[in-house]
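A.B. asks: Taken in order, these protein sequences are the chains called A and B. Counting from 1439, one number per residue, gives the positions in the first sequence under my numbering. Counting from 43, one number per residue, gives the positions in the second sequence under my numbering.
One or more hints might be untrue.
Stated by the list, open to error - Some chain B residues flagged as far from chain A (calculated, every beta-carbon gap over 12 Å):
{"hint": "1", "residue": "P312"}
{"hint": "2", "residue": "P408"}
{"hint": "3", "residue": "T446"}
{"hint": "4", "residue": "T503"}
{"hint": "5", "residue": "P528"}
{"hint": "6", "residue": "T562"}
Said to hold, decoys possible - Covered by chain B, per the in silico footprint, the following chain A stretches (three or more residues, Cβ under 8 Å):
{"hint": "7", "segment": "1440-1453"}
{"hint": "8", "segment": "1517-1528"}
{"hint": "9", "segment": "1536-1546"}
{"hint": "10", "segment": "1550-1559"}
{"hint": "11", "segment": "1783-1793"}
No wet-lab data here; the hints were simulated from the structure. From the three backbone atoms N, C-alpha and C, an ideal C-beta is built for every residue, glycine too.
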Amino acid sequence: MADATCMGCGCACDDIDVTDAGPTRTCPLGDAWFAARSGDRPPVARLDGRTVSVDEAVDAAAAMLSQARAPLVYGLGQTSCEAQRRAVALAEAIGAVIDVGAAVDAYTSIGSSTATFGEIRDRPGLVVVWRADPAVTHPRLLERLRLDPADVVVVDAQRTATAEAAAGFVELEASGDFEALWALRASIRGDEAGRLDDLAERILAARHVAIIYGAVDELTALALLSVVRDLSRDRHAVTLALRADGNARGAEDVLTWKTGFASAVSFARGFPREAPRVAALLERGEVDAALVVAADPLEELPRLRGLPMVAVDALETATSRAARIAFATAADGIEVPGTVHRMDGVPVPVRAPRAADRPGVEDVLAAIGGRL
Amino acid sequence: MLRIAGGRVYDPAHGVAGEVRDVCVQDGKIVADVPADARKIDARGMVVMPGGVDIHAHIAGPKVNAARKLAPEGSIVPSTFDTGHRYALLGYTTVVEAATPPLAARHTLSEIRDTPIIDAACLVLMGNNLPLFELIRTEPARVREAIAWWLRATGGYGVKLVNPGGIEMWKRDNGNVTSLDDEGPGVTPRQVLETIAGAVHDLGLPHPVHVHCNNLGVSGNWRTTLDTLDTLEGRRAHLAHLQFHAYGGRPGGRPRSRAPELAEHINAHPELSADVGQVMFGPAMTMTADAPVSAVLREITHGKWVNADTEAETGCGIVPFTYRERNYVHALQWGIGLELFLLSRDPWRIVLSTDHPNGGSFLSYPRLIRLLMDREFRNEEIRRVNGQAMKRTVLLDDLDREYTLEEIAIITRAGPARLLGLCDKGHLGVGADADITVYDDRADREAMFAAPRYVIKDGRTVVEDGELRATGRAGNLLRVAAEYDPGIEPTLEELFADRYSVQFTSYPVQEPWLLEPARTVAAEPR
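Okay, chain A solo, but in the shape it has when bound (with noise of 0.2 Å):
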């Protein structure tokens, strides 16, 4: 029996022990997660499609990477700030643009007010889950909050897993985030009524409020931000923005202290400058080589198919097969120790229960630096 901690989702449960029968007091997700890293493992390294050594997988990717003239670092979701760490040095030495796929413009226009997960649940007031389903995305957030349903909101479209836990549902249609949230202000400060006027009053009736929200746009995350700011004049106000990838947080973090910038930068002239975000670099056709790294990001981003790519990953993946180089590497978490940011930042420590028999990414990502 071995101490570890699950990958699967934002949370970095840090209280699994992995046996021989496998791991204990995981979620389904964490089943998930230990499961797809477990038995059968693809050839460590691919080259066109034939299996060859690490060696000679690494040579052709330094030479690739490093004859291109506008190279892509993309993805990090899903492995240590170590091996991050490492990533975001490589991406300088081949002048490439990286980008980790933040959503931070909210944050930077107006900053947040945020607590980690243990002060959301000492201080027990009004939880507001905006437009997510941790029920389903983060099994074990809910128990690690200690929410009581009574004291639980959820706005979504319509009566998701999570509302069936919660006392409170209110119903609104996924356009009408903005518009609603900006009501729900103006009734927050007794300006006039609108349609959200019953959780306006829960919320001015409670001294704590937590607002939980998953992947919105922009507009949408400026909007929850500034319904805290107010808030906070006269309760405590905090968000808790949900991660599904176990180290988003981290990339996001890394990124920031090694360049100065959150999302997507470029090094295309030796320092750091904020840079378009992927999608429009591949739509304008600026990208002439592709590192992804820990991530499966073919799907929402199908140009990346016919572009020289190598992949590193623990698993194989639907970009790792598309990619001219793939590695599969020991697993984060599994195999190899680092640490993750949980999803509220606390940095968590990430185990290593199982003896490694190939090189993690952070090795990948070294050997490749080494070989440019």
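Based on the hints, put chain B in the right spot on chain A.
C.D. replies: Same frame as chain A, but now just chain B:
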């Protein structure tokens, strides 16, 4: 091997003040002599000092990184890469990150590993820690063991108290404490100060308790500051950014300067030291564990605001801010800082800081040095800023004090190194770390200190002719080694269970890649 030949050397720890002599380096250390064929830097006409030591700045960790997200242009809160390089280009080789939330130690340490050149130490936030509060209430004698445990668990160097008790009240109900006897948090700020300062003293940590007093920024807070000092009575203590705690007047009213009274108090108490937290006009980024202060600033700027609560331990507030010459309060803050520098009689106990980036960027240190060294320049500036504010200070009396190069060497390296208990830093004696800065001796002290000619770190030339020559690797993490009774661990594990959302076994940082390379300074228990 290296010989820095013929420079005017300022090594205040050894009473050397401008004598022409050689400084020799071998294997990263200062040595008495090197062979004639050693590499030579011709430093004739130049000024040679130990590398700078910043005793209080915010350079790494979650709150610094949150500020980077708020201000991606990077000029006020640089990336780790730029932070290391810009400090080196300024002749600073050691920097103390002054406020690490212990739960986030891994994050802070990762950033330090990515900060090139400079050595770094972390002060660990302990003034609003709920397990410690419980121990203070029930078993104060064991607080000492708990503090030693926390320092080891976080790779920390020293103990930081920020607004003891006040941040817990903020997280509880947007509240705060206003006096040292406020009972709201379950222990009074006075109990926290007394118990933790006593524990730090008994542990014999190299740096005394580092205190950010209650009531930061509030008119009339100088009385809280004095009360804090009286509570610490006779024990060593370092006061952070004293300027922000030196205001007279009534709460809610216009501040006045009480710098002369506080300078006098510190002059009379050799066990006390302070860094100034000078305000410099222009853009700044306020970032503090003292989150209730940030909520007040938000209502002044109506601009960006970040609040971030850390369970069981601390908070965080960030507000971008601009200090303006014509604004009464800002000009008064600027004036109070200068008063503290000019009225303090013992340069070994007053340290140059802007509380970077709270009072301004560390990049403004050269200008601050000129304000201290050049009376004419200072008086010109005093005439430019808000006159009402200047009338509330003693600066209009044309204080004639001009800091000498020796005194600058004390308040920027020799003094802070000694206050930190870093025996190998801040001086040029045989055996010291070969961290050395060589300046052209220019009449314009701002230009002189803004662009050192050479900077040597651990014997390696990192700046040559004012330009970076070496990049890449980080310096040492400076840690403290303090022994504790392992019997404290089961007690802490119990106190952790209901207060943290990570496992007790996840908490202590043990990963060598986060902790090394390190230099460890041993505590000397009393």
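A.B. asks: Look at each hint and say if it fits the structure.
C.D. replies: Status of each hint after checking the structure:
{"no.": "1", "hint": "P312", "in the structure": "40 Å, holds"}
{"no.": "2", "hint": "P408", "in the structure": "23 Å, holds"}
{"no.": "3", "hint": "T446", "in the structure": "38 Å, holds"}
{"no.": "4", "hint": "T503", "in the structure": "23 Å, holds"}
{"no.": "5", "hint": "P528", "in the structure": "20 Å, holds"}
{"no.": "6", "hint": "T562", "in the structure": "22 Å, holds"}
{"no.": "7", "hint": "1440-1453", "in the structure": "holds (count 4)"}
{"no.": "8", "hint": "1517-1528", "in the structure": "holds (count 3)"}
{"no.": "9", "hint": "1536-1546", "in the structure": "holds (count 3)"}
{"no.": "10", "hint": "1550-1559", "in the structure": "holds (count 9)"}
{"no.": "11", "hint": "1783-1793", "in the structure": "holds (count 5)"}
Of the numbered hints stated above, none is contradicted by the structure.
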